[in-house]
Amino acid sequence: MRVSFFSTCLGDRLFADACVDAVRLLRHVGATVEVPAGLTCCGQPALNAGYAQEARRAARHTLEALGGADWVVLPSGSCTAMMRHHVPELFEGEERRHAEALAARTYELSEFLVRVAGVERLGTGLSGRRVAYHHGCHALRLLGEHDEPLRLLAGAGAEVVDWRADRECCGFGGLFAAKLPAVSAAMADAKLDSLPDVHFVTSADGGCLMQLSGRAGRRLLTTRFRHLASVLWEGVGTSVGLRTAP
Amino acid sequence: MMPDGPAGYPERSKRSIREQPGVRRAVSAATRTFDGGREAAWREIDAARWRDWLRDVKRHALTHLDRYLEVAERAMERNGVRVHWAETAADALDVLDGIVRAAGVKRAVKAKSMLTEELGVNAFLESHDVTVRETDLGEYIIQLLGQPPSHIVGPAIHLSVEDCRQLFARVLGTPPDATPDALAAAARAALRTEFLKADLGISGGNFLAAETGTVALIENEGNIRLSTSAPRIHVAMVGIEKLVPRFVDLSAFLQLTSRSATGQPIGNYVSLIQGPRGDDERDGPEEMHVVLVDNGRTRVLADDRAWEALRCVRCGACLNICPVYRQTGGHPYGFTYSGPIGAILAPGLLGLEEAMPLPYASSLCGACADVCPVRIPIPDLLLYWRERAVEAGLVPSAERAAMHGFAVAAERPTLFHLAGAALRAASSPIGRRSLPVLGGWTDERLAPSFSPKPFHRLWREGIE
Ligand code: SF4
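Note that the protein sequences, when read in sequence, are chains V and X. Take 99 as the starting number for the first sequence in our numbering and just add one per residue. Take 3 as the starting number for the second sequence in our numbering and just add one per residue.
The hints are simulated quantities; they were obtained by calculation from the structure and are not laboratory data. Quick reminder that beta carbons are idealized off the backbone N, C-alpha and C, glycines included. Warning: the hint list may mix true and false statements.
Claimed, not checked - Covered stretches of chain X (chain V as the covering partner; in silico rule of three or more C-beta atoms under 8 Å from a C-beta of chain V):
#, stretch
1, 15-23
2, 197-205
3, 229-237
4, 366-378
5, 389-398
6, 449-458
Build out the structure end to end from the sequences listed, making use of the hints.
See the structure below:
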């Protein structure tokens, strides 16, 4: 398996350690990982704000940088949703066909581990950990990712605790958070206020984690927020064997 | 009371959250209850198939609207209904004025109707010396308070029982510790005399079956039944998008709308109104008028993206599940229709410039599309209006410049990495002041913490 890993712009700057852990995880399940030179941003921030032309420029650059990758893996549900659903719609003709072909081989990390690599039990490194999982909206709705991350967490020994608001939006929404900060913060509060007692909160989406941890920090809450890639790498733990789902 | 217009949304939503924590509490609790009801009621049926069916019937009706409007007009005339056409709100109010003058109307009762809110019927009639009384409990409450509705289905959703207790103690003299049932009973007693005194009953229409000219209305309290049958004149104001082709189509629409709105299999009362009192009948109005209102709808219909919003059956499900709406209720939107559907209807009905910034009042989470019974692709339409806003230059010029800069940098990795490094420096407490966009972020949150080294450097240095 040759995997082209796309850290995403947010991952590159804010979740560099999680990206390193994602690379380790991919290697651990037998992939050869490449990081294509020149990747920047998939264009989602522009598209969501209504700037289709600007989004197209960023997306075109991304498609060129990824070229004919076998598999593309991103540590982000919403950027994966952008690549899979919105990028092809920005183009026509040959470019669109290329975008569609690449979209079919593009996966969010946990989705790739379960659906492509066929892994569910990474190790036992999370045993004794109580975890809350935040479903990013685009992973949930555009990728249809309901239980892949949960299976991986549980498969590594974590107890995934029920959280009433686990499927509600954190209030990030890209430029939305800066345009309507009070509404965005109140949305984060609705999640934080219903949070059960856990060791940490995790998610496949760095943007959501940044929003939730930023708000929790401002409210002086001590909850920890960790990117799923790092949590899963911890889940591999010291175990040597790797069991593959049937 | 008419809402203030969308422009003030950012400021009003902020104030609502800061200064009215009770509104956020009441709206969050009520919408969660509504949405829970919808979810349970959908589980009892093959909701996916019902939704496809409703979507397709509405699509068909809207793409053949000219034909069905004529069919409906002929059927209603056969039934003895006087049919009026109104292109604008002013035209609709003119029609109403004509009816009121001809019959010498002094007192009117109103059944809950969002279209009459959109048209400003109450203020208009009051200014023409007609006393108007809202008879839906929620509408009655907000009329007493002089407020517009905060929700399509539950207009007083933003108020607590305690708010109502205080209001009724003041207006109706109920005891300060009255139970919700006692409050409702007091309102009912006060309203009963209004029904008997009124010469005119005004309603909307949930659906209009073209084939038979039937105006269909759903409710739970019985006030619509009374408003449309007790006074000697009944006027139904109906948006032209409310047409369904056949009488049998009502069956699915009435049921799925109820299940989506409140989780009931069907509303407590369904009125199927097909004309004034006949010679052999004992009840019903002497005169019935239907005003078919456009007020921007044909303009929306002509837009091959935006027209999908016209399928809306006003069930409120998208408001109930919307995490943005839940924080404030409907008032900050400044438009009759709030929440996700309001954000995509406003640009079509008011014009995009007038509707700004409502298309941006969403995190694009997509929850609304999961629950819309007629499958309106609300997030896609929000994006559509945002793109139109950018094209029309209705966005801040600093934002436009920043997005242009983003595109330039996204094509040039070296520049992009330089910008990333600059952003990291700017997120330090000193740098923050120089970057206003981070200001919006850090008002409510701690600044994000940047990784000591970006991933692309770590990768170059080698992993493991
Ligand atoms: S847009 Fe859909 S969910 Fe929202 S009120 Fe209309 S019909 Fe109901």
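For each hint, the structure was consulted:
{"no.": "1", "hint": "15-23", "in the structure": "holds (count 4)"}
{"no.": "2", "hint": "197-205", "in the structure": "violated (count 0)"}
{"no.": "3", "hint": "229-237", "in the structure": "violated (count 0)"}
{"no.": "4", "hint": "366-378", "in the structure": "holds (count 6)"}
{"no.": "5", "hint": "389-398", "in the structure": "holds (count 5)"}
{"no.": "6", "hint": "449-458", "in the structure": "holds (count 10)"}
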